[in-house]
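J.: Sequence:
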Amino acid sequence: MESRSPREALPVMIDIQNVRKTFPTSHGEVVALDGIDLTIRQGDIYGVIGMSGAGKSTLIRCVNRLERPTDGRILIGGEDILAANEKDLLRLRRQVGMIFQQFNLLMQSTVEKNILFPMEISGVARGAARKRVKELLEIVGLSDKASAYPAQLSGGQKQRVAIARTLATNPSVLLCDEATSALDPMTTKSILELLQKLNRELGITIVVITHEMQVIRQICTQVAIISDGRIAEKGDVAEIFTNPRTPAARRLFGIPEGSRGQSGQCIRIVFDGGMYAEPVVSEMVLELGVPVSILQAEIKRIRGRSIGEMILRMPDSEDDAQRAIRYLRQRQLTVEEVEISHDGEATR
5 MESRSPREAL
15 PVMIDIQNVR
25 KTFPTSHGEV
35 VALDGIDLTI
45 RQGDIYGVIG
55 MSGAGKSTLI
65 RCVNRLERPT
75 DGRILIGGED
85 ILAANEKDLL
95 RLRRQVGMIF
105 QQFNLLMQST
115 VEKNILFPME
125 ISGVARGAAR
135 KRVKELLEIV
145 GLSDKASAYP
155 AQLSGGQKQR
165 VAIARTLATN
175 PSVLLCDEAT
185 SALDPMTTKS
195 ILELLQKLNR
205 ELGITIVVIT
215 HEMQVIRQIC
225 TQVAIISDGR
235 IAEKGDVAEI
245 FTNPRTPAAR
255 RLFGIPEGSR
265 GQSGQCIRIV
275 FDGGMYAEPV
285 VSEMVLELGV
295 PVSILQAEIK
305 RIRGRSIGEM
315 ILRMPDSEDD
325 AQRAIRYLRQ
335 RQLTVEEVEI
345 SHDGEATR
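Residues 5 to 352 (my numbering) make up the sequence shown, in order.
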């Protein structure tokens, strides 16, 4: 019997089946999504990344039915959101919160009233709603801002209010559409840490739409790379970074393309876990007598895990180059040939 990973044993929260979305234009039909299949499980922080125009924002708008797909099915907690009537759709939308890049706060209302708003619409009793606002402000770290107006807040604080407002209906899913794109790096980091906290402590499944690779690396457990309206690659974030299979994945992770460059053979090696601190390359040079040049070296953090990456130019001798590659692979490193440009820099 084939064993399943711990993630595969979890219930499916969002099941996107062969979703297609087209838009009519004066020049003919534009295909925004073309046969999208994704399985997002309970407790995932699932990243969807792609370049501008790839179709990622259209996809997330289909998930909460702000856009209706042309074809396909989208199930949330086993219910087909595309088949839902008006009453059921309203109920499902309360389960699926959404935060945006521009916050969308009521500028003439206080922080407290912004967070109260969805509960007032849902008919929550005033006393219970005010108590919930207090709890939510504590969760997002803004206990002292209940009486403030959005204009008095920083960008990061506004996004925290938007998150608190979204949590007011106790959603099981949180959709984030470029939620940190308008924020500076330090504020982005703090918002991502808040999302991780919500995922960990409240069990909320989070879908992150972004074009920023550092967002995927910092918080996502799974990633789907979308290109020209199709899923190019999907799976565990660290696995795809270590062993990307498609040009779209390699571009987004900043990995050089090709097999042999103009200035000699080069290789990319990946040090997983703590191995990045070991002197593997210097030991190889001493043991084999094979000279190499280091063109690039970087340590990246993926979900708190350090992964080292290095680009090496190999010796001209094919025999020496292959001996070095065998040595590195015997050390359980990921090794692949890459291309470099005329000036010796790795091509991205």
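A couple of the hints might just be wrong.
Listed next, with one range per pair, are the computed distances between beta-carbon atoms [what the hints assert, rightly or not]: (1) R24 with P251: 21 to 31 Å; (2) G32 with E287: 53 to 63 Å; (3) E282 with G82: 45 to 55 Å.
These aren't lab readings, by the way, just hints derived from the structure by calculation.
Using N, Cα and C, we set each Cβ at its ideal position, and we do this for glycine too.
J.: It remains to establish, for every hint, whether it holds in the given structure.
T.: Going through the hints against the structure:
1. For R24 paired with P251, a C-beta distance near 23 Å keeps the hint of 21 to 31 Å intact.
2. Under the hint 53 to 63 Å, the C-beta atoms of G32 and E287, about 60 Å apart, fit the expected range.
3. A beta carbon spacing of about 48 Å between E282 and G82 agrees with the range 45 to 55 Å that was offered as a hint.
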